[in-house]
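Modelling step: build the complete structure from the supplied sequences, incorporating the hints.
There are 2 protein chains.
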Amino acid sequence: MRKFDSCPLAVIGTVAIDEVETPFGKRERAFGGSASYFSYAASFFTPVGVVAIVGEDFPPEFQKILEQRPIDLSHLERSQGKTFFWRGRYRYDMNTAETLETHLNVLVDFNPQLHFPSHPEFLFLANIDSLLQERVLEQAGKPRARFVACDTMNFWIEKKKPQLLQVLARVDGVVINENEARQLTEEASLILAAQKIHSWGPAKVIIKKGEHGVLVFDEGHFFALPGYPLETVFDPTGAGDSFAGAMMGFLAKTQDVSFENLKKAVALGAVVASFTVEAFSLDRLRRLDLHQIEERLEIFRKICSF
Amino acid sequence: MRKFDSCPLAVIGTVAIDEVETPFGKRERAFGGSASYFSYAASFFTPVGVVAIVGEDFPPEFQKILEQRPIDLSHLERSQGKTFFWRGRYRYDMNTAETLETHLNVLVDFNPQLHFPSHPEFLFLANIDSLLQERVLEQAGKPRARFVACDTMNFWIEKKKPQLLQVLARVDGVVINENEARQLTEEASLILAAQKIHSWGPAKVIIKKGEHGVLVFDEGHFFALPGYPLETVFDPTGAGDSFAGAMMGFLAKTQDVSFENLKKAVALGAVVASFTVEAFSLDRLRRLDLHQIEERLEIFRKICSF
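Quick mapping for you: the protein sequence lines, in order, are chains A and B.
Under my numbering, the first residue of the first sequence carries the number 192, and numbering increases by one thereafter.
Under my numbering, the first residue of the second sequence carries the number 192, and numbering increases by one thereafter.
Hints were generated in silico from the structure; no laboratory data involved.
No experiment lies behind these values; they were computed from the predicted model shown.
Some hints here could point you the wrong way.
Identical copies look the same in the list; a pair holds intra-copy or inter-copy alike.
Subject to a maximum C-alpha distance of 20 Å in a straight line, what follows is the list of computed SDA-like cross-link-like pairs (lysine to any residue) [claimed, not checked]:
| no. | residue 1 | residue 2 |
| --- | --- | --- |
| 1 | Lys455 | Arg335 |
| 2 | Lys454 | Glu489 |
| 3 | Lys273 | Gln446 |
| 4 | Lys455 | Lys493 |
| 5 | Lys493 | Ser449 |
| 6 | Lys493 | Ile382 |
| 7 | Lys454 | Ser496 |
| 8 | Lys454 | Lys493 |
| 9 | Lys387 | Thr423 |
| 10 | Lys352 | Ser265 |
| 11 | Lys493 | Val448 |
| 12 | Lys455 | Ser496 |
| 13 | Lys333 | Phe307 |
| 14 | Lys273 | Asp196 |
| 15 | Lys255 | Arg326 |
Below, the structure is given as structure tokens:
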């Protein structure tokens, strides 16, 4: 396992085996999970530590994919049992995943114990059980970390809303998609939804709208980004996680959480996500480099300016 | 009827009586119609001529609303019978109107005869029967007009697709919403849809996405604009028509159809549409002035830049 003296950024989330079907094809054993996509995307900007668990069936070749990057795997636990498994399908509307199966497997008994040599200044609680997010918050949240943000999904909003609200009360930022924001707040308007979430704690509320872009609310400041235009979206899995990874990676690298810098971080997040969806799993990210990211960012800037 | 020596811009479309229900209320006799919204929005930028027909029941107070603006009504025909009537409802999803009734009424026998003192250089074929769009094209289309654009809707795509394709072959631009673009082209991707429409004729393809903004395709150039953020959309009726009106009005005023100028025109269209939806019918536009439009445009520019 790769270890680093210090990681400015850490993420807790899932490292998973996915089965994904899109209008363009199907992959039966795809490397997936919120922490996998997040850390790979963040690693273009900064070293990043992964707090996660896998089972005995976790393929060594998946682990190697992360090991080739500046990703600290000293908190990637291997346990008896099976790796977290997600089976999903996208049909005509590539903005919405249809979950066919979720097997929590080893995640059920996961009890992360953090032992980073020095506390990461930036912490991301990716999409995972809100209870686990809370446990990590207790060990590595504020004031130890300087900036903490989280994601979630419909599953946890339904099953663990009280815990989720406790997490929200203790983070600086939330990255959430538009349907989840509406479901969580019971507000149709995304502006009202963001205001409600903000009133529960987070200063920064970032709402992802898939192909329609991103809205950013930051204590009275507002930023709207259209989606990066793609002819075809091959597989949307991991778009949101790699968005958050690139965003947090850039914030951690620059050590700057001002609104101005957040706008660039969000644009970089959208760019990296636009690469993610061009192929199954982490395939496109594995062929990506910082130069390509910066090139697409410049195209994006041009496309949006008037 | 007000007459102008010359109008740089003319529109054919409907002047209608609407009945509209939104989650915020209901109005039984609302002034509506594609040409009404279009011309009112365009009139902030340029004099504009309206080619349309109304029935005996058309309220004089509706006509006065247009007469107070630089709108040429010398082609507003009054005929025996009833005015075009549309009844629609918006529920939770304010992006999609549910049409409950459409009575074409006097529109059925409309046979527009154009007699402008000099031919308008800019012509817009607003949402109306494709056959009527064609008749106006024959009298005032290219090469008499310098720049011609059109809109349409699902009703005409279903009923009059061959005529619509003939219209598309003879215009420079099309302004269409995302669902209509997908329906017309049978393409899920809006980029592929725009390419297909472009291959049928129009150099400029402008796809409206409601609260999610606008995409602009202009012979290899591309521009994406997020939606202007609004806390509440009170009544979306006329948003698309007033978008097109402000856009065409600005193009006609500046006499410049370059891609750079089109971007500003589209942003102005989005701004004027964002006012339209703040109240029923033309209510908000009637309290609007150019200063407010420019102010919101500057806010919009700030919101989108990174």
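Checked hints:
1. In this assembly of identical chains, lysine 455 and arginine 335 lie within 20 Å of each other by CA distance neither inside one copy nor across copies; the values are 25 Å within and 47 Å between.
2. Both within a single protomer and between protomers do lysine 454 and glutamate 489 lie at most 20 Å apart by alpha-carbon distance, with minima of 14 Å and 18 Å respectively.
3. Proximity of lysine 273 to glutamine 446 under the C-alpha cut-off of 20 Å is found in neither arrangement, the shortest distances being 37 Å within a copy and 67 Å between copies.
4. Proximity of lysine 455 to lysine 493 under the C-alpha cut-off of 20 Å is found in both arrangements, the shortest distances being 14 Å within a copy and 14 Å between copies.
5. In the homo-oligomer, the alpha carbons of lysine 493 and serine 449 lie at most 20 Å apart only across protomers (16 Å), although the nearest pairing inside one protomer, at 23 Å, exceeds that limit.
6. With identical chains, the CA atoms of lysine 493 and isoleucine 382 are at most 20 Å apart between copies only, with a shortest distance of 17 Å across copies and 26 Å within one.
7. For a Cα distance limit of 20 Å, the shortest separation of lysine 454 from serine 496 qualifies both inside one copy, at 14 Å, and across copies, at 8 Å.
8. In this assembly of identical chains, lysine 454 and lysine 493 lie within 20 Å of each other by CA distance both inside one copy and across copies; the values are 15 Å within and 11 Å between.
9. With identical chains, the CA atoms of lysine 387 and threonine 423 are at most 20 Å apart between copies only, with a shortest distance of 15 Å across copies and 34 Å within one.
10. Proximity of lysine 352 to serine 265 under the C-alpha cut-off of 20 Å is found in neither arrangement, the shortest distances being 30 Å within a copy and 62 Å between copies.
11. For the identical chains of this complex, lysine 493 and valine 448 are inter-copy neighbours only, at 19 Å across copies versus 24 Å inside a copy, given an alpha-carbon limit of 20 Å.
12. When the C-alpha separation of lysine 455 and serine 496 is checked against a cutoff of 20 Å, the pair qualifies both within a copy, at 14 Å, and between copies, at 10 Å.
13. Taking the closest pair of Cα atoms, lysine 333 and phenylalanine 307 come within 20 Å of each other only inside a single copy of the chain (15 Å); across copies the shortest separation is 71 Å, beyond that limit.
14. In this assembly of identical chains, the alpha carbons of lysine 273 and aspartate 196 never lie at most 20 Å apart, being 30 Å within a copy and 80 Å across copies at closest.
15. Taking identical chains as interchangeable, the C-alpha atoms of lysine 255 and arginine 326 are never at most 20 Å apart, the minima being 28 Å within one chain and 67 Å between chains.
In this structure, the earlier hints numbered 1, 3, 10, 14, 15 are contradicted, and the remaining ones agree with it.
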